[in-house]
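Residue numbers (this note's numbering), protein chains in the order written: chain D, 1298 to 1477; chain E, 294 to 633.
What the hints contain is simulated information worked out from the structure, not anything from laboratory work. For glycine and all other residues, C-beta sits at the position ideal for the given N, C-alpha and C. One thing to keep in mind: the hints can contain errors.
[Unchecked claim] Only some residues are given here: those of chain D computed to face chain E with a beta carbon under 10 angstroms:
1) Ala1321
2) Ala1324
3) Leu1335
4) Gly1345
5) Pro1346
6) Thr1348
7) Cys1382
[As the list claims (entries may be wrong)] In silico lysine to aspartate or glutamate, DMTMM-like type, Cα no more than 20 angstroms apart, as pairs:
8) Lys1459/D to Glu1372/D
9) Lys1367/D to Glu1465/D
10) Lys1459/D to Asp1392/D
11) Lys333/E to Glu1344/D
12) Lys1336/D to Glu546/E
13) Lys1347/D to Glu331/E
14) Lys1378/D to Glu1418/D
15) Lys1355/D to Asp1449/D
16) Lys361/E to Glu546/E
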Amino acid sequence: MSPSSWSPGADVVAVQRGPRPGGAGGAYRAFGETLRGLKTTFARLVEGPKTFQYPEEKVPVYPRFRGRHKLHRFEDSGLEKCVGCSLCAAACPADCIRVVAAENTPENRVSAGERYAAVYEINLSRCIFCGYCEVACPFDAITMGHDYEMSDYNRSDLIFTKEMLLAEPLDRTPLRAAGE
Amino acid sequence: MTVLAEVGYYEAWWIQLLKAVAIFAVVFQLVPVILLVERKLLGRFQHRYGPNRVGPFGMLQPMADIGKLLFKEQFRPRNSIGWLFALAPAISMLTAVATMAVIPFSDTVDIFGTQVGLYGIDTSIGILFAFAFGGIAFYGLMLGGWASGSKYSFLGSMRAAAQLISYEVSQGLAVIGVVMQAGSLSLTEIVGWQENNVWFVIPQFVGFIIFTVAAFAETNRPPFDLPEADAELVGGYNTEYGGGRFAAYFAAEYLNVLVVSGLSVTLFLGGWNIPFVDPPTWVDPIVVLVKMILFSLFFIWVRATLPRLRYDQLMSFGWKVLLPLATLNALVTAIVVVST
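So here's chain D without its partners, still in its complex pose (with noise of 0.2 angstroms):
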């Protein structure tokens, strides 16, 4: 059998080319297609721009973004959620999470467990947000915030500690409205 004589079957379907670049016909396509690019890019221009001012204007943040961690206080006694058993610690996978636990005492009660958290500190310059730290707590002691400009001039200025994690963050992102 020769090769021009082969047939394929009736389910296989001709590829569909286009019309062969060049000559009259070509550069009279390819008028009507500039045309056609033109009306798109005028079309982009009566939308109007679509990109946020970004230092004035912020884009606004889903509810579960996770930006910078927060400490949590109960919010009756005001003791520290967290008992400073390095949960979060084990579990963090870029191991930015220092935990050094002391033991409670009746003069000096800073957690509702056992034992506080005496030292907690991350180093925000390696974390990945992840998350998992928020996952492992068994306290939700620590949680993501929605935070997300953290750029600093110095890198131990980006190791955050328990006072800076326990403070009222301040609110420089918006978050993002139901149905935004």
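Fit chain E to the known structure of chain D by using the hints.
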């Protein structure tokens, strides 16, 4: 001495000097405007704002750019040819400005009792003059790229030479139709013909399209910006330029856009005429400037739309499509003009 060209109207030498300064000042002031408008419009075409930080609405952005360029150190590669390297941007500037001399902004008008023609000069060879300087303009790119002593600049300048020569032919042939119908090479007389009859864009529509396409190639604007081609050639002929010399190239490019807009306004879009309205004479220069700016906006619009052509596409389009079309256009116009 043989007379090379007849001049339609002479003024006193001091009026001519004043005119030259005035035209240069007005059109040169349009360069930063076009620069800013281009960046702003390109932004809008791409759903963004464009420069809006320097000054109100970013209006001082071109000043900031030019200031930055002028304060930069003059630098040249070790194996460049110094005096050519310095001369080339000046050639580019000069040719762009010189072409402006023949673009008429109005007919002769009466200013304080003196007859003054609102154009640089009205020679009987107006279009030839413009094309002559268009021909010299390519030396600016060519010498600049060659004198840089760098391979990318050299490639860019070679492309510039080939492109400018190929498209100049079609551009010239496209204009021949206009010249035949108007019966004159003088630009003021061509505008006068359009005043009495009809804008050349209607009877010479094919010529207008060819002229416009070739104008894109002549000014190295996208989609024909192969001499620059930042993606392939780093910066083409101006790769090694920086500071004031680069600013000169940059300004020359935008001046060229304005000049080509002025030429096509004069040749095809009726110069200082507005259809169905007969405004007072002092409006004429404004009409021409507005038309020039509108035509320059079209350049920006096309830049936002079309991608850069491949080099062989550029060449085959120029020689296989534009040139036959332009020849046919000239031929048909000749037959029509002779038979009527």
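Structure versus earlier hints, numbers of those that do not hold, lowest first: 7 and 12
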